[in-house]
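Enquirer: Chains A and B are the protein sequences, given in the same order.
1 is the number of the first residue of the first sequence in my numbering; add one for each residue after it.
216 is the number of the first residue of the second sequence in my numbering; add one for each residue after it.
These aren't lab readings, by the way, just hints derived from the structure by calculation.
From a predicted model like this one, the values you see are computed outputs, not experimental measurements.
Possibly wrong hints are sitting among the right ones.
[Said to hold, decoys possible] Quick partial rundown of chain A residues pointing at chain B, CB under 10 angstroms, derived from the structure:
1) M41
2) G95
3) I98
4) F104
5) I148
6) D186
Note that the Cβ used here is the ideal one computed from N, Cα and C, for glycine as well.
Protein chains: 2
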Amino acid sequence: MEEKEISQAVISRLPRYFRYLGELKDGGTERISSQELSEIMKVTASQIRQDFNNFGGFGQQGYGYNVEFLYTEIGKILGLHKKHHLVLIGAGNLGQAIANYMNFEKRGFIINGIFDINKDLIGKRVRDIPVRPMEELESFVKEHNVDIGVLAIPKEAAADVAKRLVKCGIHAIWNFAHMDLNVPKDVLVENVHLSDSLMKLSYNINRCGKPEDHK
Amino acid sequence: MEEKEISQAVISRLPRYFRYLGELKDGGTERISSQELSEIMKVTASQIRQDFNNFGGFGQQGYGYNVEFLYTEIGKILGLHKKHHLVLIGAGNLGQAIANYMNFEKRGFIINGIFDINKDLIGKRVRDIPVRPMEELESFVKEHNVDIGVLAIPKEAAADVAKRLVKCGIHAIWNFAHMDLNVPKDVLVENVHLSDSLMKLSYNINRCGKPEDHK
């Protein structure tokens, strides 16, 4: 059922469904129609049905969706029933913000190791995880069965570190460095390019042309 | 020329063009064909031509693109020739990471004020900008002609702060809080949902089904 090719556009929407369903579940809602979900999420009901049909539906005609079931199923599709082991490269402000975000761990994303080149940071603890020197990266990754590398480092260092991660067997990189990584095809990269996001906002501000635009 | 409706998909790609063109320019490249740009950026040349045609083209048949001109023009389309004034709400790790990212200022995004509810942070300086108490938000926004509010706060506080920002005239919010904001239609919101991004990566890991998947 999951074997057909799902578009990245659909995949991009799944975490949002998961988020809303989690809130509905926590709020005690047991079932919901695509119409009601559509109103809360501000997407069309037909979009919701189409998206869910990629995974075989989930709904029963006239009954709607069972919130807990749907939440669990989407969680499984997202791979959240499995534990993921992460190393975080970069213990600066951004790295610390990522490490301190407790919700990741709740979702099965365990930060096993934190690494930095800055000698002043090495040995410090972020959420009780010691910051290690970069020299220990390869042996640590192998020992801890790490599957995701997180790059919270400047772009100048990113290409080199990505290469090291790939070389020691990591197939998934969550990249915050302000550049696109050049990695083999079988390595998954998910980028968070903050500047790109801010520029998109700037485009839309510019496009909407507030009268009081200040030069 | 810019008046027709450009799809958000095209807009999403503009910052990436801008980034690559900036690097080419800094590296001394004066002109480039769509074919060459295609190879560097790993998108098809026809995609590049189509995207640029939304804005009238930029290229000359047989000559290719003038890198500096294209860089400048895309920068203008992105509104980067104008200064934007920002307030940052939340001076935790994430807020500090954002404030410390020097490149934003280089692109015309000036952080005028930083606010937090945490009394221990108030008065501290992040990149020489003092952290102010939330009570001063409204008067500060009005005084400093602020046009973008940045939310680097937990989701519990986000709805309330967004409402305050909108009420004092801010029409653009860069939202890092892990929730969708409910704002009037004329308020632009650009979300950075870190969890959503990590879940997307997790989906793709799960989908690719590495044999050594560890439970």
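Enquirer: Does I148 of chain A pass the interface check with chain B, least Cβ-Cβ distance below 10 angstroms?
Expert: holds, 7 angstroms
Enquirer: Is the hint on F104 of chain A kept, meaning its closest Cβ partner in chain B is under 10 angstroms away?
Expert: Result: holds, 6 angstroms to nearest chain B Cβ.
Enquirer: Minimum Cβ distance from I98 of chain A to chain B below 10 angstroms?
Expert: Holds - the Cβ of I98 of chain A comes within 10 angstroms of chain B, reaching about 7 angstroms at its closest.
Enquirer: Let me know if the C-beta of M41 of chain A comes in closer than 10 angstroms to any C-beta of chain B, holds or violated.
Expert: holds, 8 angstroms
Enquirer: With chain B as the partner, please determine if G95 of chain A meets the hint condition of a C-beta pair closer than 10 angstroms.
Expert: holds, 8 angstroms
Enquirer: Regarding the hint that D186 of chain A lies at the interface with chain B, is the smallest CB-CB distance below 10 angstroms?
Expert: Given a least distance of 8 angstroms, the restraint on D186 of chain A holds.
Hint compliance for this structure: no hint is broken.
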